[in-house]
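Build out the structure end to end from the sequences listed, making use of the hints.
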Amino acid sequence: MQSTKSWATLVCSAVLLGGGVLGAGAASAAGLDCGTPAQPAVYTTVAHPAVPAVTGLETVVDVAAKAAVTHDEAQWQRTVVVTPGVPAVDEQTHTETAYVDGYGAPEGDGWSRTGESRTVVDQEAWDETVTVPATYVTERQWRQQVVDQPGQDATYRTDSADTESSSPPEGDGWTLEGTTGEAAYSEQVLVKEAWTEKVIDQAYVPAKPAVMKVLVKWVERGGNDFVWLPQGDPGPSDYTLSNDTEETVLEPGTPEVPEISHDVVHPAVYETVNHESTLVWHWTRQVVDQPAQDPTYTWVYQWSVESPGADWSQTYLTREVVDVPAHDEVIHHPEVTHQQQEWTRAVVDAPAQDAVEAVTDTETTWLPVGESPEGDGWSLTGATKTVTDQDAVAEQSHTEKTVVTPAVAAWGEQVLVSAAVPAGDECPAAPDDTNPAGGPASPAVEAPAAPVQHVSLPQAPSAPAPQSDPVVPRLVHTDGGQLAHTGSGDAGVAGAGLLMTLLGGLLLLLRPRSRRSE
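Read in order, the letters of the sequence shown correspond to residues 3 to 520 in the numbering used here.
None of these hints come from the bench; they were simulated from the model.
Cβ atoms here follow ideal geometry from the backbone N, Cα and C, with glycine treated the same way.
Any given hint could be a false lead.
Said to hold, decoys possible - Here are the computed distance ranges between Cβ atoms for each label pair:
(1) Val358 <-> Ala69: 52 to 62 Å
(2) Ser239 <-> Val267: 49 to 59 Å
(3) Thr121 <-> Val324: 22 to 32 Å
(4) Gly311 <-> Gly173: 31 to 41 Å
(5) Ala163 <-> Tyr299: 37 to 47 Å
(6) Val122 <-> Gln304: 35 to 45 Å
(7) Ala49 <-> Asp427: 32 to 42 Å
Quick look at the structure:
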């Protein structure tokens with residue numbers, strides 16, 4: 003840190019010193035002699051070295067960390083047959099059959115004759131082809147008259163008509179088919195059937211026993227009339243009950259009076275109703291719809307040996323024709339056979355064997371909880387375990403170099419070496435023959451000022467130089483290595499100032515730097 007501060011102090015001193023020297027040169031140039039011509043500015047090219055890139059380290063994750071993936075499995079087991087049992091086997095036999103010509107027996111023991119026989123073909127049937135010559139017959143010509151246009155019977159239609167009388171409809175050929183309805187007639191209609199009426203001559207009156215009644219007296223209002231009524235019965239409206247007078251009387255009874263009646267017989271009542279005739283006569287007749295037509299005939303001819311039929315007649319013309327053309331005929335020769343007698347005997351294929359018990363084993367398997375194995379006989383044992391489907395993955399990463407500050411290519415810059423100097427004032431003219439009094443001289447011609455240019459130097463094809471070996475700026479003079487002559491005698495001062503300024507820049511480039519680890 004102390005070294006950095008010392009360098010900073012040294013750099014600042016060099017720059018300030020160079021600036022002061024340049025200022026003094028400029029101040030000195032302000033007092034120009036008269037008639038001094040103008041001088042253009044002088045520039046030089048300062049080459050700046052390339053600055054290498056500053057890099058750092060960055061961690062890049064290649065594989066992210068993952069937790070393990072597991073599932074639970076349950077154990078299943080079942081009993082499987084390793085070697086199946088073998089049941090007892092009875093003796094296995096088959097019947098051997100042999101056929102012998104005639105009545106001899108087969109070779110060997112145990113043969114018995116079944117009584118059956120078979121036919122053995124000694125020679126297969128075969129066909130022989132022979133050529134049969136043609137045969138001829140005499141045919142006669144026959145003719146028959148056939149209907150060319152058949153005749154047609156007359157067709158009829160049936161007309162029908164109804165009348166309300168027995169007279170037929172107009173026209174001929176009508177036939178009465180029958181009638182419907184009824185003729186006019188009268189009938190007695192029963193209005194009321196005969197009935198017997200019971201007439202009562204004397205109504206029945208039941209017997210009434212004698213009773214004791216208390217009678218009270220009702221007196222007429224405003225009069226002297228009175229009546230006796232049973233106690234409790236309402237009195238007349240214009241009478242008043244006398245409460246201080248009552249009598250008890252005996253109401254005599256009455257005997258029973260029987261009912262006396264007689265029957266009166268009323269005859270049935272009839273009414274005469276007259277009905278009009280509803281008779282309808284139904285008539286039909288046959289009418290020719292299309293008249294009959296006679297058939298037309300034509301003759302048909304045919305050749306044959308015999309008459310084709312009863313309605314055919316002979317024309318007496320004859321001809322010879324091939325009856326059967328020459329042809330190949332196949333003569334069949336039957337097969338030649340003889341008989342063989344059948345014999346059989348029992349042959350043992352496998353002897354009897356005792357039963358063998360099956361050999362079994364216990365088969366186990368693990369499956370995810372909730373699933374069951376294929377097949378029958380499986381049961382859970384109760385044992386479980388955790389199975390890892392995918393192992394946990396640790397994070398994997400690597401370190402990559404990254405650019406913190408990109409590199410800067412080398413570049414050049416035009417730096418002012420000496421400022422342009424204007425022309426001096428006019429010098430007074432010396433007296434001569436043409437100008438005895440003297441006067442102003444011709445003005446000096448100013449040189450055009452050179453423009454300021456910044457020129458970038460081409461980058462070096464190789465990598466930038468390391469910071470420990472920086473590039474030192476070079477001074478390139480536009481006038482072949484010598485400063486332009488100013489005519490004021492201050493070029494040396496200006497050059498010293500420029501040199502001090504460049505020295506300060508060089509010290510700035512050479513300052514100590516802290517290096518990052520790469």
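A quick look at each hint next to the structure:
{"no.": "1", "hint": "Val358 <-> Ala69: 52 to 62 Å", "verdict": "holds, 56 Å"}
{"no.": "2", "hint": "Ser239 <-> Val267: 49 to 59 Å", "verdict": "holds, 51 Å"}
{"no.": "3", "hint": "Thr121 <-> Val324: 22 to 32 Å", "verdict": "violated, 44 Å"}
{"no.": "4", "hint": "Gly311 <-> Gly173: 31 to 41 Å", "verdict": "violated, 49 Å"}
{"no.": "5", "hint": "Ala163 <-> Tyr299: 37 to 47 Å", "verdict": "holds, 42 Å"}
{"no.": "6", "hint": "Val122 <-> Gln304: 35 to 45 Å", "verdict": "violated, 56 Å"}
{"no.": "7", "hint": "Ala49 <-> Asp427: 32 to 42 Å", "verdict": "holds, 40 Å"}
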